[in-house]
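Visitor: Listed below are the residues making up each chain.
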Amino acid sequence: MNPLRVRAVDEKHIRISGIPPLLVFCLRELPHILEKRDTPDARARLFPSPTTLAGKPALTRDDEKINNDWEQIIVPELRHLFVTSGETVARDLVNLEEESAETHSGRVMFAAVHLNAWMSAINEARLILGELFNVTEQDMNREDLDIEDTKQFAVLKIGALGWLLGHLIAFATGESSADDEPTTDEAGGMP
Amino acid sequence: MHYHYATPAFDCGHSRRSPPEIKSKLVSVAGSDSLLQMAALIQPGVIQLDETATKESLATPWNVVVHNDPINLMTYVTMVFQRVFGYPRSKAEKHMIEVHQRGRSIVWSGGREQAEHYVHQLQSYQLLTTLEKSEP
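Residue numbers (the working numbering), protein chains in the order written: chain E, 1 to 191; chain V, 1 to 136.
It is worth saying that the hints were derived from the structure and are not from the lab.
Just so you know, even glycine gets a beta-carbon here, dropped at the ideal spot from N, CA and C.
Among these hints, one or two may not hold up.
As the list claims (entries may be wrong) - The calculated label-pair distances, taken between Cβ atoms and stated as ranges, are:
id, chain 1, residue 1, chain 2, residue 2, range
1, E, 35, V, 101, 42 to 52 Å
2, E, 98, V, 113, 20 to 30 Å
3, V, 110, E, 35, 36 to 46 Å
4, V, 103, E, 87, 29 to 39 Å
Claimed, not checked - One side of the interface only, derived from the structure: several residues of chain V facing chain E at Cβ under 10 Å:
id, residue
5, 72
6, 73
7, 75
8, 89
9, 90
10, 94
11, 102
12, 106
13, 109
14, 114
15, 120
16, 123
17, 125
18, 128
19, 131
Unchecked claim - So the derived list for chain V, only partly shown, Cβ under 8 Å to chain E, looks like this:
id, residue
20, 79
21, 85
22, 130
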C-alpha cells in the first residue's frame, strides 16, 4: 500500500493519498461524529467557560460575569466556526475516492484554503470521541485495542484521525516534503 | 441579543483579530456590568462608573492558562501557540511540555481585554483554555 501523503497538487489544491481503509472509514464517519458536538460532555469540552474548571473553588462574582458574557457572545461564534469547518470538510469528503481496488486505500483532493478547516474538524472529532467515550491518557497509550469493544474502537479512531492530523500539521508547518514521512510523535504509526 | 459576526467562510476563526474588534462585539450586547464598563471606556461620561475600581480592574494582570487533555496532539498544541502568540518554536514547545507534564501552563499574562482575546483564540483552536487573575 502507498504510504499516506499530504501534497500540494498546485498552489490552490492539496491531495491526501494513500489513505488506509480504516482512515477512509473514519473520514466518512467524520460528519456524523461532528453532529454530536452539542451533547453535554462534548459541549462542555468544546465550549468551556473561561473561568471554570473542575476542582476550582467557588466562582467569584467577576468569574460569573465573565462566564455569562462568554456564553452569550463567544460560544455562539465558536460554535459557528466549528460548524462551518465541519461543513467545509463534509463537502470535500464527497470527493473521497478509492485509490486502489487492491488495497482499498483512498485519496481526496481539496482547496488549499480549506486546510485549517480540515485540521479543525479532525481535531474536533477526536475531542468529541474522547468525551463521548470518556477516553483517558491511559486509554490513549494502550496498544492492544479490541475493535469489538466500542470504547477501544473509539480510541482506535482517535488515533487514526490523529495520525492524519499529524500529517496535516507537518504539511501546514512546512515540516514535510514530498519525499519525507512526517513525524507525528504521540499519534504513533497507523494501527 | 443584537449580535452579529460575519465569519470568513473557511477561516475557522484562526486569523488574528485585533482586541478592538472583540471589544466592539462585547459592547454590542447590553445587560452586563462588565460590558457596561467597557462601553463607558469608549464613551466617557455616558455611564457613571467607579473610576478607582475600573482602574484597579484594568491594572490587575490576568493569566491565560492552557490545561492538559489526553486527546490533543503535542504537535497541534505547539502549532497553535506559534500561530496565536507568534512564539518561536522553542518557546511554544516549552509551554506545550509544561501543559503535558504539569497539567497546565500560563501561556500569557497581561490586561484582561487582551487575555480574553487570547482565550477566545485558543478556544477557537479547541485548546482547553481558561482565564484567571494573576496572584499578587
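Visitor: With reference to the structure, classify each hint as holding or not holding.
Guide: Each hint tested on the structure:
| no. | hint | verdict |
| --- | --- | --- |
| 1 | E:35 - V:101: 42 to 52 Å | 35 Å, violated |
| 2 | E:98 - V:113: 20 to 30 Å | 51 Å, violated |
| 3 | V:110 - E:35: 36 to 46 Å | 38 Å, holds |
| 4 | V:103 - E:87: 29 to 39 Å | 34 Å, holds |
| 5 | 72 | 7 Å, holds |
| 6 | 73 | 6 Å, holds |
| 7 | 75 | 5 Å, holds |
| 8 | 89 | 9 Å, holds |
| 9 | 90 | 14 Å, violated |
| 10 | 94 | 16 Å, violated |
| 11 | 102 | 14 Å, violated |
| 12 | 106 | 14 Å, violated |
| 13 | 109 | 15 Å, violated |
| 14 | 114 | 13 Å, violated |
| 15 | 120 | 6 Å, holds |
| 16 | 123 | 6 Å, holds |
| 17 | 125 | 7 Å, holds |
| 18 | 128 | 6 Å, holds |
| 19 | 131 | 4 Å, holds |
| 20 | 79 | 6 Å, holds |
| 21 | 85 | 15 Å, violated |
| 22 | 130 | 5 Å, holds |
Consistency note: the structure conflicts with the earlier hints numbered 1, 2, 9, 10, 11, 12, 13, 14, 21.
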